[in-house]
Amino acid sequence: MPTPPAGGAAQPGPRRSPHEKTPADADEATTGSPADSTGAEDTSDATPTPNDEGETTSTERTNGERTGNGRTDNGRTNGGRAGNRRTHSGRTSGRRIAVRRRVTGSNPWLAALFLLPALVLLGALVVYPIVYSLRRSFYNAADKKFVGLDNFQEMFTDDAIQQAVTNNVIWIVVAPLLATALGLIFAVLTERIRWGTAFKLVIFMPMAISMLAAGIIFRLVYEQDPDRGVANAMWVSVHDTFVEPAPFERANPGRQSPLTESGDGTISDPRTLRAGSPVRIPLVGIPRDQIGGAQHAAAADPQDGKVTGTVWRDFTRGGKGTPNQIDAGEEGLADIEVRAVKGNKVVASAKTRGDGTFTLSGAADGATLRLPGSNFDAPYNGADWLGPTLVTPAIIGSYIWMWAGFAMVLIAAGLAGLPRELLEAARVDGANEWQVFRRVTVPLLGPVLGVVLVTLMINVLKIFDLVYIIAPGASQDEANVLALQLYKSSFGTDVNQGVGSAIAVFLLLLVLPLMYVNIRRIRRERRR
Amino acid sequence: MTSTETVVRAKQSLATRIAARAGGVGMRIFLVVIALFWLTPTAGLLLSSLRDPAEADLSGWWQVFSHPSQLTVDGYDQLLNNEVVTDSLFTTVLITVPATALVVLIGALAGYAFACMDFPGRDWWFLLVVGLLVVPVQVALIPVSKLFGEIGIFQTTTGVILFHTAFGLPFAVFLLHNFFSEIPRELLEAARLDGAGELRLFFRVVLPLAGPAIASLAIFQFLWVWNDMLVALIFADSGDPPITVALQQQARQFSNNIDVLGPGAFVSMIIPLAVFFAFQKQFVSGVMAGAVK
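Protein chains in written order, with the numbering used here: chain A, 359 to 886; chain B, 96 to 388.
Think of the hints as simulated: they come from the structure by calculation, not from any bench. Just so you know, not all the hints are guaranteed correct.
To be verified - Rough simulated footprint, nothing fancy, chain A against chain B, three-plus residues with beta-carbon under 8 Å:
{"id": "1", "stretch": "123-134"}
{"id": "2", "stretch": "159-171"}
{"id": "3", "stretch": "178-190"}
{"id": "4", "stretch": "218-228"}
{"id": "5", "stretch": "319-329"}
{"id": "6", "stretch": "360-372"}
Built from N, CA and C at the ideal position, the CB exists for glycine as well.
Can you make the complete structure from the sequences, with help from the hints?
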């Protein structure tokens, strides 16, 4: 059995398991009946038959066509008059390729008529623009003066455009690789699962919606407020599982307190601690709803050889309480970390109990008391997804959400076409699943993975809508990509269509190598 | 093989079997989690669009699970009474349908010529057309806006249709050519010998046979044009824009008002999603055959 052809993805897999016949399944995806014979034809082409004198290998055939269009191998039509059709029993003794060539319609004028609409449209709206952009990129903003390579120079020195180039590099490296890797994982994992088709449908669905809709969807996902944006809601709950949230975020010493508060929120007591004489740490500024259900504060008992004290909310409603005194009904602050510090060294630490009391070891004698700022930090509010640093990764995330399904479907089709015997042979030889995957499946899928990567790269180069919609005005500069910059330079506020054309030419140059790869693949597929 | 070896093998295989079973369960759970993860963003927008805007401003869409009374279709009601939106949906249809039909027709004619007719330089022309597959739309924005400006169709629906047709053609020619060249030659030959002209052959024999390929192409092009924003942003009449541009204008104006954007985005998604679910097979085959756009 031959290895699948380079465009293997598009070929129907020779093997079909019964449950794979459902829609959206890659295996079923090839277009209807005539195309279904492709696989079989490829098989026979892989081994040229000896009696194929004229066109032994496909390479030769293509070369032949390249050099002489009027060339008349015995198999080919000699162009021209319609009456020149030959019958099947001609010199060529039933060679399939030859037959196909010979009986085709062969009136060049008629062919031109069929091609005319397509060629006119392509010429005017695709080819001519390329030529125009090339010329235009050498002229200034007003299109009056030839400026040589100035526009390109500006492109590579202008800060905004440089940011766009940098981001495009990140995009083109990260996005296709991640999408392909995810697609590969999904395709392999779902291969033998009965509901694999449903799973694929879910992953593939975003392909059908517009980038605009995806952008609106992800603007909501990335909303900063954890009460509204689901990304931060998840992230904050994960974060708070590992990092305990601060107990009392806005507590402070108040005005008449002996305590002092430093810039990072640390509250310190300048008095020296003495074993056996309890200290009182009064705090204010704690809203009622934060302390609901707390125990009443208790004065700490003096203990020999230990430092004790109380941290409490020094506030009685109606202003009746005495400052710095534990009045009846005032609440103790639980779970506050208390440290005894000598010089700059922490010599003892403890957490307050439910009634606000704490006990420090004797080492605290002679030290001063400090309540670290972490007790009073504002609650963690999640990542700033659309802020300057995370905006590009965040948008790449939304792109992968859209396109991993594409990779998955193509890879699943390739997977369905893999020769089972090879995989089974590896398993029989004692390879575990990972080894089979790493050493057999992935290398065999190589061509398909290549097609997926190239396709995604071409796609990523042109990315525009997602960035335009998701990036908020404030961080749109940080999220800039070439296609967006081209739009801005050409139709935005600071228009310079010279630079816009230079960016267009640059984009075109970037896709040229990929175009070459594509054409080579298509040519290889055409050789039959 | 000695008996000890057999025992060891049996034990191993039992252990591997248990491990495989456990791994299988873990993998299934993993896949379910991934699927939920993938659905969450869309579900979020759907539920947000169905909530009371006042509530949506304050809390996350997941609150509807505990407060189902927040659900309302007011947003959709307002949207469908909003002429800007209904008009723009109509404009989208007015652009999408002709752009799809033209691509199919013109692409099929060219694909037929490349696959079933013989003329000098045929393969080179074909490669040239297919090579244009990867040309970024962006390259054409400036030149075509000038060109359309000169012939007076800049910012008209006609211009948008022509642009989409031109950029859909390479894929159409590629896909249909591949399909046409699989049609048995004997069939065409027989028809020609019977005196059928090429046009007749094309309309009566080849096109009917190419149903599946044309369906794939049409769906692909339909979704492509329906979902486009960039081309419409530049070439469509900004006073009478298609839905994507209309929504984009709203997005600029009310940056965070999900009560305007949510229902709008969903309405714009309904047709593509319906097409996708109804014609998954054809859509997937289009994606696979192209793997380019």
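**Message:** Which constraints among the numbered hints does this structure fail? Numbers only, ascending.
**Reply:** 2 and 3
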